[in-house]
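K.L.:
Place chain B on chain A using the hints.
First to last, the sequence lines map onto chains A and B.
According to numbering that gives the first Met the number 0, the first sequence holds residues 0 to 311 in order.
According to numbering that gives the first Met the number 0, the second sequence holds residues 0 to 279 in order.
Watch out, some of these pointers could steer you wrong.
As the list claims (entries may be wrong) - Calculated pairs, PhoX-like style, for lysine-lysine (alpha carbon to alpha carbon, straight line, at most 25 Å):
(1) Lys-234/B with Lys-246/A
(2) Lys-307/A with Lys-220/A
(3) Lys-120/A with Lys-11/B
(4) Lys-158/A with Lys-53/B
(5) Lys-246/A with Lys-78/A
(6) Lys-266/B with Lys-120/A
(7) Lys-279/A with Lys-69/A
(8) Lys-195/B with Lys-176/B
(9) Lys-41/B with Lys-53/B
(10) Lys-158/A with Lys-41/B
(11) Lys-41/B with Lys-62/B
(12) Lys-279/A with Lys-78/A
(13) Lys-195/B with Lys-266/B
(14) Lys-246/A with Lys-173/A
(15) Lys-62/B with Lys-234/B
(16) Lys-173/A with Lys-158/A
(17) Lys-234/B with Lys-80/B
(18) Lys-234/B with Lys-167/A
(19) Lys-220/A with Lys-120/A
(20) Lys-306/A with Lys-109/B
(21) Lys-220/A with Lys-11/B
(22) Lys-109/B with Lys-176/B
(23) Lys-234/B with Lys-224/B
(24) Lys-167/A with Lys-41/B
(25) Lys-176/B with Lys-106/B
(26) Lys-266/B with Lys-124/A
(27) Lys-41/B with Lys-234/B
(28) Lys-124/A with Lys-11/B
(29) Lys-62/B with Lys-80/B
As the list claims (entries may be wrong) - Take a look, some chain A residues computed to stay more than 12 Å from chain B by CB distance:
(30) Leu-79
(31) Ile-86
(32) Arg-87
Hint data in this document are derived by calculation from the structure and do not stem from the laboratory.
Note that CB positions come from ideal geometry on N, CA and C, so glycine has one too.
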Amino acid sequence: MENSAVTPKTDAKPARGNWMNLKNSETLAGLLFVSPMLIGVTVLVLLPILAIFALSFADWNFVQGWDGLKWIGFDNFGKLLDDHAFIRSVRNNMIFLLAVPVYMLVSMVLAILIDRYVYWKGFFKVAYFMPYISSIVAVAIVWQVLFQPSYGPINEMLKAIGIANPPKWIADPKFALYSIMMITVWVSIGFNLIIYIAGLQSIPRDLYEAADIDGANAWVKFARITFPLLSPTSFFLLVTGIISSFKVFDIIAVMTQGGPIGSTSMMVWYLYEQAFNNLKIGYASSVSVVLFAFVMIITAGQWIAQKKWVNY
Amino acid sequence: MRGIAMKPDWRKVAVTALLFVVSILFLLPFIWMLVTSFKIEKDVFVYPIQWIPKQWNAIANYKEVWFGDYPFYVYYLNSIKVAVITTLISCTTASLAAYGFSKVRFKGSKALFVIVLATYMVPNQAILVPQFILYRNIGLFDSHLGLIIIGSFSVLGTFMLRQFFMGIHQEYIESAKVDGAGHLRTFWSIAMPLVKPAVATYAILRFIWTWNDYQNPLIFLRTDKLYTIPLAMQKFTSMSGEFYSLIMAGAVSAIIPLLIVFIVGQKNVIEGIALGGVKG
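Bound-form chain A, shown alone (with noise of 0.2 Å):
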């Protein structure tokens, strides 16, 4: 393996049977184990972080070279907050949010059904969880393609079933944001369902037993222990469907490119149509910072917000 200058070191200083040396040789030994990683997270994660906070504050176009980079302090910011394209984005991203209770409420409803009252459970862990494993650009391309508004399979559908002007989706701006939130939704069951699955089978069976001797109907039995004892796990995916939210782009660059006029738009396609068709790569950095701080402020929340709301 890559790492084989590691056995000498390790295995040369305890020979010695001196402490100091015996625990030098753990931190040596540590350290060389952890520092693929270390270096790798360095180079790629934490300087990015550092250089995207300073950009925030240059005014730079990238095809200028480091000459043309001039300092404009909070600039940056000040201009996000008139610039309506970012706000349209910022208020695209709060609609979004939306789809989060939609697939969780779903998908929980599917998990309870498939984990007590179905046969086959193998299939339909499979097949709800086909959109989720699948490509995105294949699954964003196969949609565009059905959402077609004038010969698209769904819009035909709906015309021979009577709706004479169905919408024209993903090319009409007052659908299109709609459009893409029904098919995240279609795509996140998968992965919600396979969580609330293995979330419903920590609940102790001994608990419905005791309700069913007690008489509870369904319901009960729903709302008193099943509801309740999955709240950790319904906050476990609130929270990650709430970041990832904040992280849609895939979807958006294949089939609408944030548009029509910009109804689809988001942070991070506006991140990136400013820093890659725009190249200004400073007023980016700010959007990232921005993007950054929205989803720092949601894992402080959550931090917050675990101790006091989750019933364990």
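P.N.:
Relative to chain A, chain B alone:
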């Protein structure tokens, strides 16, 4: 209707039937995709939908996709290369770090682990710009090596595997040490065999994630010939515009390896995801 004993079986049958109907919603787009990839172009949007193609054009469609102007076999090889190598390196760095953070007691280990773990919270898109600048300056831009490096240092993998390493009794490690084995030896011959299933799970997940990755190739690749499947798929779609049967043949081709990996490693994947509650 109360109690387990009285619960009639037909209820289970009814729920199964209901969920089966719902599951069609999940499978139908895939079935449509598959069927369309077999059709001739002018039958694609015929309504009512022909669920069994009237005129089969499967061989010609797939031949065009695989060996035509945008030869999928090239992108396939790229994807396989990038996904396999990334998976191997990522498993190595993650297991080494996981062992180091759980089985070697050294000063600063906790602090370093917290720092590494904290970086997991960072949305990867927020740091794309500096990564891009870095890559341009050190010559990793527009290369498979660069793409592989980006995917090779997974904090998530470290965290996941560390949980499993922590489950190994410290006595195993200590007794290996007493027998004169160094940490590397202990890691390789004692710890790794014990966590093999966890590493396999992580490897499958990493393979799927790397295979599906669209964002990194989009940012870090320019040359057509280097494209991996998802990026090639999207370019192919924007180029071949209206040839939906071909696009669907491409989509089917993109998904099939995932399906195979998923079906073969299904238990690992589902358990891995449920266990760590992990997400790409």
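K.L.:
If a hint holds in the structure, say so; if it does not, say that too.
P.N.:
Hint-by-hint comparison with the structure:
no., hint, verdict
1, Lys-234/B with Lys-246/A, "holds (22 Å)"
2, Lys-307/A with Lys-220/A, "holds (24 Å)"
3, Lys-120/A with Lys-11/B, "holds (12 Å)"
4, Lys-158/A with Lys-53/B, "holds (23 Å)"
5, Lys-246/A with Lys-78/A, "holds (23 Å)"
6, Lys-266/B with Lys-120/A, "holds (13 Å)"
7, Lys-279/A with Lys-69/A, "holds (12 Å)"
8, Lys-195/B with Lys-176/B, "holds (21 Å)"
9, Lys-41/B with Lys-53/B, "holds (11 Å)"
10, Lys-158/A with Lys-41/B, "holds (20 Å)"
11, Lys-41/B with Lys-62/B, "holds (18 Å)"
12, Lys-279/A with Lys-78/A, "holds (13 Å)"
13, Lys-195/B with Lys-266/B, "holds (15 Å)"
14, Lys-246/A with Lys-173/A, "holds (22 Å)"
15, Lys-62/B with Lys-234/B, "holds (18 Å)"
16, Lys-173/A with Lys-158/A, "holds (20 Å)"
17, Lys-234/B with Lys-80/B, "holds (20 Å)"
18, Lys-234/B with Lys-167/A, "holds (24 Å)"
19, Lys-220/A with Lys-120/A, "holds (22 Å)"
20, Lys-306/A with Lys-109/B, "holds (23 Å)"
21, Lys-220/A with Lys-11/B, "holds (18 Å)"
22, Lys-109/B with Lys-176/B, "holds (22 Å)"
23, Lys-234/B with Lys-224/B, "holds (12 Å)"
24, Lys-167/A with Lys-41/B, "holds (22 Å)"
25, Lys-176/B with Lys-106/B, "holds (19 Å)"
26, Lys-266/B with Lys-124/A, "holds (11 Å)"
27, Lys-41/B with Lys-234/B, "holds (22 Å)"
28, Lys-124/A with Lys-11/B, "holds (16 Å)"
29, Lys-62/B with Lys-80/B, "holds (22 Å)"
30, Leu-79, "holds (14 Å)"
31, Ile-86, "holds (19 Å)"
32, Arg-87, "holds (18 Å)"
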